[in-house]
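So you can see what is in the structure, the chains are spelled out below.
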Amino acid sequence: MSEGTRISELFAASVAALTRERPDVVVLSAAGLLDGLECSREDSFLNAACGEQNLVLMASGLALGGKRVFAGACAAPLIGRAYDQIRAAVAIPGLPVCLVGLDAGFCSGHAGAPRQMFEDVALMRALPNMTVLEPADRASLSLLLREAASLEGPSYLRLGAGTLSLYDPEQGELRLGGGTVLRSGADITLCACGIMVQEALKAAEVLARQDISAEVVDCYSLHPFPSRLVLSSLQRTGCCVTAEEHFLPGGLFEIVSSLAAREYPVPVQPVAVRNGFGQGGASQELREYYGLTAAQIVSAAVLAWTCRRR
Amino acid sequence: MDSGLLNELKERAKGVRRDIVGMLGLARSGCLSPSLSVVDILVWLYGAVLNVQPKKPWFEGRDRFVLSRTSAAPALYATLAERGFFCKDELWEYRRLGSLLQPFPEYRRTPGVDVSCGASGMGPGISLGLALALRTQGIGSRVLCLMGAEEASLGSVWEALGALEAVAPVRLTLVVNREIGGGDRPSEADEKAESTLTQRFESFGWPVVRADGHDMAKMNEALGALPEDEAGVLLLRTLWGKGIPSLEASAFRSEHLLDRQATERLLGELEVAAL
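Those protein sequence lines, which keep their order, are chains G and R. Under this note's numbering, the first residue of the first sequence is numbered 708, with each subsequent residue one higher. Under this note's numbering, the first residue of the second sequence is numbered 19, with each subsequent residue one higher.
Quick caveat, the hints were computed from the structure, so don't treat them as lab data. Each residue gets a CB set at the ideal place from its N, CA and C atoms; glycine is no exception. A portion of the hints provided could be inaccurate.
[Claimed, not checked] Heads up, incomplete: computed chain G residues facing chain R, CB under 8 Å, no partners named:
#1 CYS757
#2 GLY772
#3 ASN982
#4 GLY983
#5 GLN986
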């Protein structure tokens, strides 16, 4: 079973639970993506049997009719093909539609470059009104889904990883515009999102053995961004590394470095996808090849730390 | 259809046409000919078909109208103003900064506008979702979507047509307006194009009834022939620039920006044609 399959199953389970609590929630999916989804009521789930453009348009119509909609599809065609629809029928009128981009990043490694989406955060962040979320594990996935369901406007939930368990679901308290300090530290700030959060935690272990104490922040809310939280960390540490499974432009690196540049300039080193589009291969192998592992975070950390603001 | 109502609606349509020319003349931009061609359809829908309350534009049980053919926005605004959804003075601010009336109709900004359809080809998909939401909540309202025949070649429209199966039954009528130009009598090529279009809708399971888009009595009859609680298509033939002879006869479909002189000339033509 590929990484991708497990993630969509997790999403299906979380969202099915949500429909049991809230009768106004409807889940739409593109063909076959959420087969076997067990919803409490027939009208809370629709297998739209159409392309992504109509998926987004129907989500817009359902929201206009008073529903809270979750529209799930593979991230690359969802954002790519339906961008005009997302922009004009969901973002401009500001409707309560949560677009769920499955298989973002190297999640579906075997599928090759066109299906590997690394610019979705950049595209969605640029839209006014659009909340952008990237959960790092299964518990935060279901907590963030719940938050998104209460949002009056549109949101994009990026799903690249979700099989892990980093958070305790009982203690969970994630909120839009928030972030979580998963590990405290005084020497360097490691901001990460999605699957890179676990890599950042591993890197922090390695750095600790070199007497560099790293603070790891899970930036699950990319927009609105937990600016105060991250700034206060930068003010204490004086240097930063960002880690994301995304292209360099428009993602976490640019969010943090522009924040630092405006408010508290510190060196910020990126770990991101930098050598072109993806390609076919096993997910983990691809991450190693494209430099998305703890090792790269450690090297970047050392670079940033040597130039740190004192 | 009651002849008293019919005559009243025809009078309203004249007024709406005058308002559109005035609006676009003042704004010095906007699509005149596509707006004029759908006036009779809109006046009929808002006068005899849609269950709406101008003084309570958001009441829950209202019928919903979706303008997919956004180039006809001026016609929608003039019709809504005529019905009393907002003061007619707003028409003269069309396209101005801060106006109630945006170039593309905006939901929650303009009273009476139910849906923001940003670009062409979006109406049918949105209407399907909307009709589904209304049905699952037990709200008996109908959804009417006005789209241009030229939109039927867009991928998003094909997808929407095909998605009917997954959501049926829904109380949705697609009003498809097919414009012809240059004289009243349809040519053979036009007939063929209309048949092909009809077949396309029918192949996706949408029943089609055809009518003249400038004859309100015929349109009413045609709508009555479609199944009440299910999806269907009303295919209406209209004339480009209807109401102004020089535009109706025009071979060119490009729009000229209206200046004061042109506006007065067109208003004059409207007066004469209406007699």
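Check: Is the hint on G:GLN986 kept, meaning its closest Cβ partner in chain R is under 8 Å away?
Finding: 28 Å, violated
Next item on the list: Verify the interface restraint on G:GLY772: the C-beta must sit less than 8 Å from at least one C-beta of chain R.
Entry: 2 Å, holds
Note to self: Checking hints one by one. Is G:ASN982 an interface residue toward chain R, by the C-beta closer than 8 Å rule?
What the structure shows: 33 Å, violated
Note to self: Just to be careful: measuring from the Cβ of G:GLY983 to every Cβ in chain R, is the smallest value less than 8 Å?
What the structure shows: 29 Å, violated
Item checked: Per-residue hint verdict: G:CYS757, partner chain R, C-beta under 8 Å -> At 4 Å from the nearest chain R Cβ, G:CYS757 passes the 8 Å test, so the hint holds.
Of the numbered hints stated above, those contradicted by the structure are hints 3, 4, 5, listed in ascending order.
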